[in-house]
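J.: Please build the complete structure, drawing on both the sequences and the hints.
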Amino acid sequence: SLPELAATVEAVGRATGGPYAVVAHSFGAAATAVALRDGMKVERAVFISPPADPLAGIRDFANTVGLAEDVWQRMAARIEARFDMRLADLALPGFAPRLDVPLRIFHDVGDREVPLEAGEAVARAWPGAKLTRTEGLGHFRILYAPEVLGPAVDFLAEGRPGNAWPGPELLASVAQARATPRGVHGG
2 SLPELAATVE
12 AVGRATGGPY
22 AVVAHSFGAA
32 ATAVALRDGM
42 KVERAVFISP
52 PADPLAGIRD
62 FANTVGLAED
72 VWQRMAARIE
82 ARFDMRLADL
92 ALPGFAPRLD
102 VPLRIFHDVG
112 DREVPLEAGE
122 AVARAWPGAK
132 LTRTEGLGHF
142 RILYAPEVLG
152 PAVDFLAEGR
162 PGNAWPGPEL
172 LASVAQARAT
182 PRGVHGG
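In my numbering, the protein residues as written are 2 to 188.
Warning: the hint list may mix true and false statements.
Pairwise CB distance ranges (calculated) [what the hints assert, rightly or not]:
1. P152 x L68: 22 to 32 Å
2. R99 x A158: 23 to 33 Å
3. A78 x G137: 35 to 45 Å
4. P94 x V43: 18 to 28 Å
I should point out that these hints are in silico values taken from the structure, not numbers from a laboratory. Ideal placement from N, C-alpha and C gives every residue a C-beta, glycine not left out.
T.: This is the structure we're talking about:
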């Protein structure tokens, strides 16, 4: 669940002494945003294909598998009861205006998993966020694309203190290694 993953992200951040930056994809980006809302500290963030609203995600899933509206609404109510929270409180555009972490977003116009509109909504709501749209990379290939990796590493390296981990050299080497994907599934 999103609350559980957000707590895990925050715990990892705490256990590592507070990372300088975070790079997160899809559901991980939503969880990272919730962790930031709840107090996790980083200096910069890169989100790739972030969803904006978990309720919209449930609705999209329900439509994809053909669930009736009353069924997915009951499913959403059960999730809220199970975690004692409102899904609306996890919608990034609702709390992003209170976050002051510099954010760079990459989202593909043809993403079939998380629509571009979600990334656009996060970018509009998050103060100072910059959205870069890509084409032809989909939801997964975007993770390996040099046109994403290069600018992401550059953004993370800006203003980085000398003792921050990971350093730009490591980030660049990872980016280079990932630029040639093996066995990447569709987008």
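J.: All the hints need checking, so say for each whether the structure fits it.
T.: Structure-based check of all given hints:
In this structure the hint that P152 and L68 lie 22 to 32 Å apart at CB is violated, the actual value being about 39 Å. Checked against the hint of 23 to 33 Å, the pair R99 and A158 passes, with Cβ atoms roughly 26 Å apart. Between A78 and G137 the beta carbons are some 39 Å apart, a value that agrees with the proposed interval 35 to 45 Å. A hinted range of 18 to 28 Å for the beta carbons of P94 and V43 is consistent with their spacing of about 20 Å.
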